[in-house]
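> Here is what each chain is made of, one letter per residue.
Number of protein chains: 6
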Amino acid sequence: MSLVKEFNDYRSKMNDLILSKDNLVIKRLWNLDTNTYAEGALTTKTKELLGLVASMVLRCDDCIKYHLGKAHELNVTTAEVYEVFAVANIVVGTIVIPHTRRAAAYWEELVGKPA
Amino acid sequence: MSLVKEFNDYRSKMNDLILSKDNLVIKRLWNLDTNTYAEGALTTKTKELLGLVASMVLRCDDCIKYHLGKAHELNVTTAEVYEVFAVANIVVGTIVIPHTRRAAAYWEELVGKPA
Amino acid sequence: MSLVKEFNDYRSKMNDLILSKDNLVIKRLWNLDTNTYAEGALTTKTKELLGLVASMVLRCDDCIKYHLGKAHELNVTTAEVYEVFAVANIVVGTIVIPHTRRAAAYWEELVGKPA
Amino acid sequence: MSLVKEFNDYRSKMNDLILSKDNLVIKRLWNLDTNTYAEGALTTKTKELLGLVASMVLRCDDCIKYHLGKAHELNVTTAEVYEVFAVANIVVGTIVIPHTRRAAAYWEELVGKPA
Amino acid sequence: MSLVKEFNDYRSKMNDLILSKDNLVIKRLWNLDTNTYAEGALTTKTKELLGLVASMVLRCDDCIKYHLGKAHELNVTTAEVYEVFAVANIVVGTIVIPHTRRAAAYWEELVGKPA
Amino acid sequence: MSLVKEFNDYRSKMNDLILSKDNLVIKRLWNLDTNTYAEGALTTKTKELLGLVASMVLRCDDCIKYHLGKAHELNVTTAEVYEVFAVANIVVGTIVIPHTRRAAAYWEELVGKPA
Chain A
13 MSLVKEFNDY RSKMNDLILS KDNLVIKRLW NLDTNTYAEG ALTTKTKELL
63 GLVASMVLRC DDCIKYHLGK AHELNVTTAE VYEVFAVANI VVGTIVIPHT
113 RRAAAYWEEL VGKPA
Chain B
13 MSLVKEFNDY RSKMNDLILS KDNLVIKRLW NLDTNTYAEG ALTTKTKELL
63 GLVASMVLRC DDCIKYHLGK AHELNVTTAE VYEVFAVANI VVGTIVIPHT
113 RRAAAYWEEL VGKPA
Chain C
13 MSLVKEFNDY RSKMNDLILS KDNLVIKRLW NLDTNTYAEG ALTTKTKELL
63 GLVASMVLRC DDCIKYHLGK AHELNVTTAE VYEVFAVANI VVGTIVIPHT
113 RRAAAYWEEL VGKPA
Chain D
13 MSLVKEFNDY RSKMNDLILS KDNLVIKRLW NLDTNTYAEG ALTTKTKELL
63 GLVASMVLRC DDCIKYHLGK AHELNVTTAE VYEVFAVANI VVGTIVIPHT
113 RRAAAYWEEL VGKPA
Chain E
13 MSLVKEFNDY RSKMNDLILS KDNLVIKRLW NLDTNTYAEG ALTTKTKELL
63 GLVASMVLRC DDCIKYHLGK AHELNVTTAE VYEVFAVANI VVGTIVIPHT
113 RRAAAYWEEL VGKPA
Chain F
13 MSLVKEFNDY RSKMNDLILS KDNLVIKRLW NLDTNTYAEG ALTTKTKELL
63 GLVASMVLRC DDCIKYHLGK AHELNVTTAE VYEVFAVANI VVGTIVIPHT
113 RRAAAYWEEL VGKPA
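Chains as they are written, first to last, in our numbering: chain A, 13 to 127; chain B, 13 to 127; chain C, 13 to 127; chain D, 13 to 127; chain E, 13 to 127; chain F, 13 to 127.
Any given hint could turn out to be false.
Given that identical chains are not distinguished, each listed pair holds provided it fits within a single copy or across any two copies.
[What the hints assert, rightly or not] DSSO-like cross-link-like pairs, simulated, lysine-lysine; straight-line CA separation at most 30 Å:
| hint | residue 1 | residue 2 |
| --- | --- | --- |
| 1 | K17 | K125 |
| 2 | K125 | K39 |
| 3 | K57 | K33 |
| 4 | K125 | K33 |
| 5 | K82 | K17 |
| 6 | K17 | K33 |
| 7 | K57 | K82 |
| 8 | K82 | K25 |
| 9 | K17 | K57 |
| 10 | K125 | K82 |
Since the hints were derived computationally from the structure, they do not count as laboratory data.
Can you make the complete structure from the sequences, with help from the hints?
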């Protein structure tokens, strides 16, 4: 299965399971997450790039995939994505290289050129 | 193979390998780990929940699995487990959501309803 | 000035400043934080201990101070607090020792025996 | 002494000391850091906001101060800065609140209203 | 496929992809990484062990694999590798145990005794 | 007061307080910490450098001070210390620069040239 489909399917299925448990704190936090990236003083595009770089420096592969998907929907270019990768690589060093590899593979698939 | 069996089998096999190397520091640390969760001023159940939330905020999937297994043996309920998940989600934010998904899947299997 | 007063004064003053900026996401997240520790399937006391151990393993001194203050209000004993410290020390190793020192100093002051 | 002056003075003095030791790897890494934020596919302003959010989620107070200083030079507004704070608060949770307090105090001073 | 071959193949393929994008910051950082471990005041062997322990305490499995591979090329012994594992286990606690398991499995394969 | 004296005095005083509480897990962990750096397959000097780089990449200022003190007792040279700093800076990026500044100041004092 493709990396993108596998990620999205598991994400949907498990989010549904978790939300079915009716824990109010989790539900509200997750709602708030959606609001965070709404157009405001900063554009949604800028905020998604903030979410992407935050995910990279925290080395969370699934979070990176999520924000790469959003970036792709917002027509972020490959050059822009790699500049975000570069900021992450400088800020948090070579420890992020393995995550950059997986991010690059996922991005190739999003833009139609699976690695 | 089930998530639970796969985790436990690999854990046992590799722990045996590591302990066979006779590194005294590792052996003593691992023994001490067992003592940490013994009944004391706090109950073993409370301590296991502390171990679970610590594992979640540190985003260590295998540590989460280990403490979920222990929590299940101690008859922790699904509502209690989700309140631990909620604390972890608030304290450390959306970065822990992917780990919450995997934790939720593992818990379903422990309680007999594999996702 | 005492550690406790210094922490609480700065916390109040800066929280007021931040909330005066009317960022809705921050306001809602902070409200949600209060709800998280409410009585539920787990007691408020257990949840505060979860918040404390999470703060320790993430090595956030001010978060530790906040939860120690709450624990003190809830009549948590010194023996219980040190068992939380012990879990944190085992889970995240000697890197947490300097934070344990500052936590111990703050706790002494809370219980009326400033170090 | 003001927070801004204290930070900048110590930073300059210690950077000079470190660079005087002629460690080539450190020198080159630090040069590269400057290049990272140059105008490119993304603007310098966007990259500085990326550096700011990365510093916040990694909870590095001095890194936050550095990028707030740069943001101020680039005429970033208070509303924009607080949207970066909001992304950091959602992504990495309440653990970042104490750092948000110190960031807010530093920003007030930069815009001429010391807290 | 063997753990070692799988790691090296993916690493080579994805590094080539990333470098083909001509992001200068990433290229220079990665070059600098190679220089860091060159013979100097400290031997290359000591520096590789520093890279290994850093990778362990940061809990980056792929970084651990990379430095284990380098350590093996430099004739580091199993006893030496386990003393590095021990330092990592003490410094960062039981949270690193799952990474120690995977590191141990990879090392067995490098020395010709796949687990 | 000097950085070195201030660190050592607070460390001694608070360690005594913590150990006086007789938490067995903490006592045994701290004893084990001493054993970890004993001469073995690797020399004490190499192990102290491992402890130093681990402390740096985990960004624990007090842990850095402790291992710099030990390194100084073991006649580690300034060039060697800066090569450890360089490994830490590459592995974990610019986020470690503020900690490198404080480490450099502490080292100057140890070698008799307070910054």
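> If any of the earlier hints don't hold here, list their numbers in rising order.
none
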